[in-house]
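Residue numbers (our numbering), protein chains in the order written: chain C, 318 to 811; chain E, 318 to 811.
These aren't lab readings, by the way, just hints derived from the structure by calculation. One or more hints might be untrue.
Since copy identity is lost for identical chains, a pair holds within one copy or between any two.
[Said to hold, decoys possible] Lysine to aspartate or glutamate pairs mimicking EDC-like chemistry, simulated, CA-CA at most 16 angstroms apart:
no., residue 1, residue 2
1, LYS545, GLU798
2, LYS583, GLU797
3, LYS786, GLU507
4, LYS545, GLU797
5, LYS545, ASP737
6, LYS786, ASP508
7, LYS775, ASP747
8, LYS382, GLU651
9, LYS775, GLU759
10, LYS451, GLU706
11, LYS749, GLU759
12, LYS750, ASP737
13, LYS750, GLU778
2 protein chains.
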Amino acid sequence: MSCCEHDSNGHNGAGHHHDQGHPHRGEHEVFPIQSLWPKQKFSREAWVAPRRGRENVTQMHYARKGIITEEMVFVAERERLGAEFIRAEVASGRMIIPANINHTSLRPTGIGINARCKINANIGNSAVTSNIEKELEKLKRAVKFGADTCMDLSTGGNINEIRRAIVDASPVPIGTVPIYQAVQKVKKPEDVTPDLLFEVIEYQAKQGVDYVTVHCGVLLQHLPLTAKRITGIVSRGGSLHAAWMAVHHKQNPLYEQFDRLLDICKRYDLTLSLGDGLRPGCLADANDEAQFAELKTLGELTLRAWEEDVQVMIEGPGHVPFHLVAYNVERQIEECHGAPFYVLGPLVTDVAPGYDHITSAIGATAAGTAGAALLCYVTPKEHLGLPNEADVHQGVIAYKIAAHAADVARNRPGARDWDDELSRARYAFDWKKQFALSMDPETAQAMHDETLPAEYFKSAEFCSMCGPKFCSMHLNRLVEEYNAGGSQVAAGAK
Amino acid sequence: MSCCEHDSNGHNGAGHHHDQGHPHRGEHEVFPIQSLWPKQKFSREAWVAPRRGRENVTQMHYARKGIITEEMVFVAERERLGAEFIRAEVASGRMIIPANINHTSLRPTGIGINARCKINANIGNSAVTSNIEKELEKLKRAVKFGADTCMDLSTGGNINEIRRAIVDASPVPIGTVPIYQAVQKVKKPEDVTPDLLFEVIEYQAKQGVDYVTVHCGVLLQHLPLTAKRITGIVSRGGSLHAAWMAVHHKQNPLYEQFDRLLDICKRYDLTLSLGDGLRPGCLADANDEAQFAELKTLGELTLRAWEEDVQVMIEGPGHVPFHLVAYNVERQIEECHGAPFYVLGPLVTDVAPGYDHITSAIGATAAGTAGAALLCYVTPKEHLGLPNEADVHQGVIAYKIAAHAADVARNRPGARDWDDELSRARYAFDWKKQFALSMDPETAQAMHDETLPAEYFKSAEFCSMCGPKFCSMHLNRLVEEYNAGGSQVAAGAK
Numbered sequence: 318m319s320c321c322e323h324d325s326n327g328h329n330g331a332g333h334h335h336d337q338g339h340p341h342r343g344e345h346e347v348f349p350i351q352s353l354w355p356k357q358k359f360s361r362e363a364w365v366a367p368r369r370g371r372e373n374v375t376q377m378h379y380a381r382k383g384i385i386t387e388e389m390v391f392v393a394e395r396e397r398l399g400a401e402f403i404r405a406e407v408a409s410g411r412m413i414i415p416a417n418i419n420h421t422s423l424r425p426t427g428i429g430i431n432a433r434c435k436i437n438a439n440i441g442n443s444a445v446t447s448n449i450e451k452e453l454e455k456l457k458r459a460v461k462f463g464a465d466t467c468m469d470l471s472t473g474g475n476i477n478e479i480r481r482a483i484v485d486a487s488p489v490p491i492g493t494v495p496i497y498q499a500v501q502k503v504k505k506p507e508d509v510t511p512d513l514l515f516e517v518i519e520y521q522a523k524q525g526v527d528y529v530t531v532h533c534g535v536l537l538q539h540l541p542l543t544a545k546r547i548t549g550i551v552s553r554g555g556s557l558h559a560a561w562m563a564v565h566h567k568q569n570p571l572y573e574q575f576d577r578l579l580d581i582c583k584r585y586d587l588t589l590s591l592g593d594g595l596r597p598g599c600l601a602d603a604n605d606e607a608q609f610a611e612l613k614t615l616g617e618l619t620l621r622a623w624e625e626d627v628q629v630m631i632e633g634p635g636h637v638p639f640h641l642v643a644y645n646v647e648r649q650i651e652e653c654h655g656a657p658f659y660v661l662g663p664l665v666t667d668v669a670p671g672y673d674h675i676t677s678a679i680g681a682t683a684a685g686t687a688g689a690a691l692l693c694y695v696t697p698k699e700h701l702g703l704p705n706e707a708d709v710h711q712g713v714i715a716y717k718i719a720a721h722a723a724d725v726a727r728n729r730p731g732a733r734d735w736d737d738e739l740s741r742a743r744y745a746f747d748w749k750k751q752f753a754l755s756m757d758p759e760t761a762q763a764m765h766d767e768t769l770p771a772e773y774f775k776s777a778e779f780c781s782m783c784g785p786k787f788c789s790m791h792l793n794r795l796v797e798e799y800n801a802g803g804s805q806v807a808a809g810a811k
Numbered sequence: 318m319s320c321c322e323h324d325s326n327g328h329n330g331a332g333h334h335h336d337q338g339h340p341h342r343g344e345h346e347v348f349p350i351q352s353l354w355p356k357q358k359f360s361r362e363a364w365v366a367p368r369r370g371r372e373n374v375t376q377m378h379y380a381r382k383g384i385i386t387e388e389m390v391f392v393a394e395r396e397r398l399g400a401e402f403i404r405a406e407v408a409s410g411r412m413i414i415p416a417n418i419n420h421t422s423l424r425p426t427g428i429g430i431n432a433r434c435k436i437n438a439n440i441g442n443s444a445v446t447s448n449i450e451k452e453l454e455k456l457k458r459a460v461k462f463g464a465d466t467c468m469d470l471s472t473g474g475n476i477n478e479i480r481r482a483i484v485d486a487s488p489v490p491i492g493t494v495p496i497y498q499a500v501q502k503v504k505k506p507e508d509v510t511p512d513l514l515f516e517v518i519e520y521q522a523k524q525g526v527d528y529v530t531v532h533c534g535v536l537l538q539h540l541p542l543t544a545k546r547i548t549g550i551v552s553r554g555g556s557l558h559a560a561w562m563a564v565h566h567k568q569n570p571l572y573e574q575f576d577r578l579l580d581i582c583k584r585y586d587l588t589l590s591l592g593d594g595l596r597p598g599c600l601a602d603a604n605d606e607a608q609f610a611e612l613k614t615l616g617e618l619t620l621r622a623w624e625e626d627v628q629v630m631i632e633g634p635g636h637v638p639f640h641l642v643a644y645n646v647e648r649q650i651e652e653c654h655g656a657p658f659y660v661l662g663p664l665v666t667d668v669a670p671g672y673d674h675i676t677s678a679i680g681a682t683a684a685g686t687a688g689a690a691l692l693c694y695v696t697p698k699e700h701l702g703l704p705n706e707a708d709v710h711q712g713v714i715a716y717k718i719a720a721h722a723a724d725v726a727r728n729r730p731g732a733r734d735w736d737d738e739l740s741r742a743r744y745a746f747d748w749k750k751q752f753a754l755s756m757d758p759e760t761a762q763a764m765h766d767e768t769l770p771a772e773y774f775k776s777a778e779f780c781s782m783c784g785p786k787f788c789s790m791h792l793n794r795l796v797e798e799y800n801a802g803g804s805q806v807a808a809g810a811k
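With the rest of the complex left out, here is chain C (with noise of 0.2 angstroms):
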């Protein structure tokens, strides 16, 4: 498909300068999922200036006038999907492209049932240390191994210039919890205003800030239904609410006046991740009338955004058993009339601290092939400290093989021709490719080097797991030649 097939005719400022050349031409990734940090500097500046000053400039709000803009056939090319297709997708809310017009460094990635399934990865500092520069490597290191979309949770030093720095830099969409830095800003949560909260969020996407987790659906009624659970309110944002609700004896801000989180949004094209708040923090809290109580609301507030023509995605767990995992799915897509869901893992256990993003990576395939469309990692040092950037590297590479599997059990186009790519390289010992076609090139042949490091071995039939003799795929050459001449006499052996 062409990049310029689409029969967009640039009404309302979008689909105009799409002939300022191919950015992207030549760095269409041959296997879709391998995700790499662009060789090239790309700016969609020429696709967005025109947009900017109008009332409405959400992807949502072109797809809805029927225009195809650059950032649909951006999409529909990595996708290997139509554009018109994307457009339609986009439309009905099942699709979203989270594309602040502010943020021009941005390669649109489309997130949905119907594409490839994204995962995220947490960036951000902590209150104590504060280092654009190690922020900005972690942000790459993600990017590299495959990260689609990427949140800054920094909760400390110079947040605003932090995220100025990571936005400028970000190939991938760039989400954030408001809430963080107003809370930041006072003594206590409960010192926040609605209107700190409010000048935050547009502070932010003016920054260009593509998504943002807004914990809309936490209500003063939710609060007594997580009464009897082991584990409370888990989410960082959620327990913030409910406190600052819980304080004030009042109603979330962020519901009553969601008509002004909406204004935000349709003028920078901010995206709405709706947070689930009350997540199960535990496999005994899963399912229970708090989470689901709050995923209604969460599907009110879907149909309110869309009369907007504003771009949601919901929020899901957390922590599920694995036989849950799949209604979870489900579910959502039910009470949410189909908008994306944005899963945290689940995990699927909560006994192996230390080793979540593996727990979490299971819940995660099984939701990515009930049909969530973007998986947000878990690290191995989840409930027990900051990820660094080793623990970045494992959670990314986790996720990566769930999104992966799941589309490949969805039969997503292309995506298991990456395996089979990589089993015929195996099968014929060429190491090098095989290294080459791997999730983690350097960890694979780092692993293999380990016992047999020389040059040799490299075109060697065998490593070191079986050695030469007891090697399966050494020993399937006498089984070929028989097979190729011998299989008559097979026929009437037994």
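Position chain E against the provided structure of chain C, taking the given hints into account.
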């Protein structure tokens, strides 16, 4: 349930010495999943002594006579199930208790759809290194972190001596793949004679091996079915048999002389693990004609074994796309009449060498949830090299996660209690208890202490991930207060 409540009356030498004390008393696991290297020496010599020399000493044989053996009582207690129920399961073939009468240090384990999901760890030396102490260390580490069975896959050095040491030391069932030793004794795989293979099997049975992987179902007429595969035959044992058949143009001797095999099994209570020599080695080859032709043969052999009261489990794949995993289990249960399913992973993608403990733990969780009884671990080194002790550790934990997640999903007795207990400790900020209840306490504590090592933080109401101001569990105290006093206010708030 008391260890003595069963009504066995000791026919045929089984069920006799039940009043010898309670060697396992006091070692009963609080949480059913935390298998530990036993603190005290254990011997079931008194149980098995009267059985020796009899024609058929299998657990299935006694079960079918209505006898509850000491092994069944032991298993019942571990599983929190009734002894009569265990007997009936063993009689039906749905559960096995691999317990060679010459493996007296064994603490019997039940493997079947109605027992806890079990995991196997492969150990064993390679042709290059041979060190008994090192292999015993791997055994100990694997069992300490929860391996329910171990396979000794040694292919070099003094194999017999290593196996003797492992069987003597092991509290868990030990399995082997006898064809490996047979091949080691000759120059080329095709030089193995049927007599040599049976001699090796009998020798290992006499040593006390509890179960053997035998590739009886790889038939000459199946070989052409593998011709179009991307990765051909990837089972080591399967390819050794296939190569032998291809060279000799003769049928598989383990199939042709299956009765000879059953005769050995009956005398020692050696359990058959019918190998899946034609399992798929990549996603593309999953669920193909070759795989299912062999499975059908294994179903036929299962019935023949059961005619002689020989215990059987069936080995399964391998590499399978996530959405096809449950189907593989359901089909095995049908084709093999409910005999326990022993799966290798399966890996849900081929593209992540270096992380195959994760790719396969995902498939293993789905398999265990669908009813697989025993999960053979895969380490990070799979496809790349021989695993070392650290790899064994990673593999065991990943599989313990999969097995426990499956136990929770299948609602097995007591399984979720463990999760709930840890979650309560987590919510109470009882860090020490949280570490103690973790699947891998040392790793969990080390990760926590990496940023907050001081003793003070072991009771702090936060960790370095969120810090004190942003800890949801800490903030939740405000919500608790509100719920305790103010829910009337909440009801009218919206």
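16 angstroms Cα threshold - placement of GLU706 relative to LYS451: So LYS451 and GLU706 pass the 16 angstroms test inside one copy only (9 angstroms; across, 33 angstroms).
Up to 16 angstroms CA-CA - ASP508 versus LYS786, copy category: between (71 angstroms within a copy, 13 angstroms between copies)
Alpha-carbon proximity between LYS775 and ASP747, which holds within one copy, between copies, both or neither at 16 angstroms: Within one copy, since 7 angstroms is at most 16 angstroms while 50 angstroms is not.
Copy assignment of LYS749 with GLU759, given that the CA separation must stay at most 16 angstroms: Answer is within: at 11 angstroms inside a copy they meet the 16 angstroms cutoff, but 37 angstroms across does not.
Alpha-carbon proximity context of LYS750 and GLU778, limit 16 angstroms: This pair counts as within: shortest intra-copy Cα distance 14 angstroms, inter-copy 49 angstroms.
Intra- versus inter-subunit Cα pairing at 16 angstroms for LYS545 with GLU798: Between. Shortest inter-copy distance 13 angstroms satisfies the 16 angstroms Cα cut-off; intra-copy 67 angstroms does not.
Within, between, both or neither, where LYS775 and GLU759 count as close if Cα-Cα is 16 angstroms or less: within (14 angstroms within a copy, 37 angstroms between copies)
Intra- versus inter-subunit Cα pairing at 16 angstroms for LYS750 with ASP737: For LYS750 and ASP737, the Cα distance is within 16 angstroms only inside one copy (13 angstroms; across copies 46 angstroms).
Intra/inter-copy verdict for LYS545 and GLU797 if alpha-carbon distance must be at most 16 angstroms: The answer is between: 10 angstroms across copies meets 16 angstroms, while 63 angstroms in one copy does not.
Within, between, both or neither: LYS545, ASP737 at alpha-carbon 16 angstroms: Between copies only: 13 angstroms across chains, 49 angstroms inside a chain, cut-off 16 angstroms.
Alpha-carbon proximity between LYS382 and GLU651, which holds within one copy, between copies, both or neither at 16 angstroms: Result: close neither inside a copy nor across copies, 26 angstroms intra and 54 angstroms inter.
LYS583 and GLU797: within-copy, between-copy, both or neither at 16 angstroms Cα: Classified as neither; 63 angstroms inside a copy, 37 angstroms across copies.
In terms of the numbered hints stated before, the structure departs from hints 2, 8, listed from lowest to highest.
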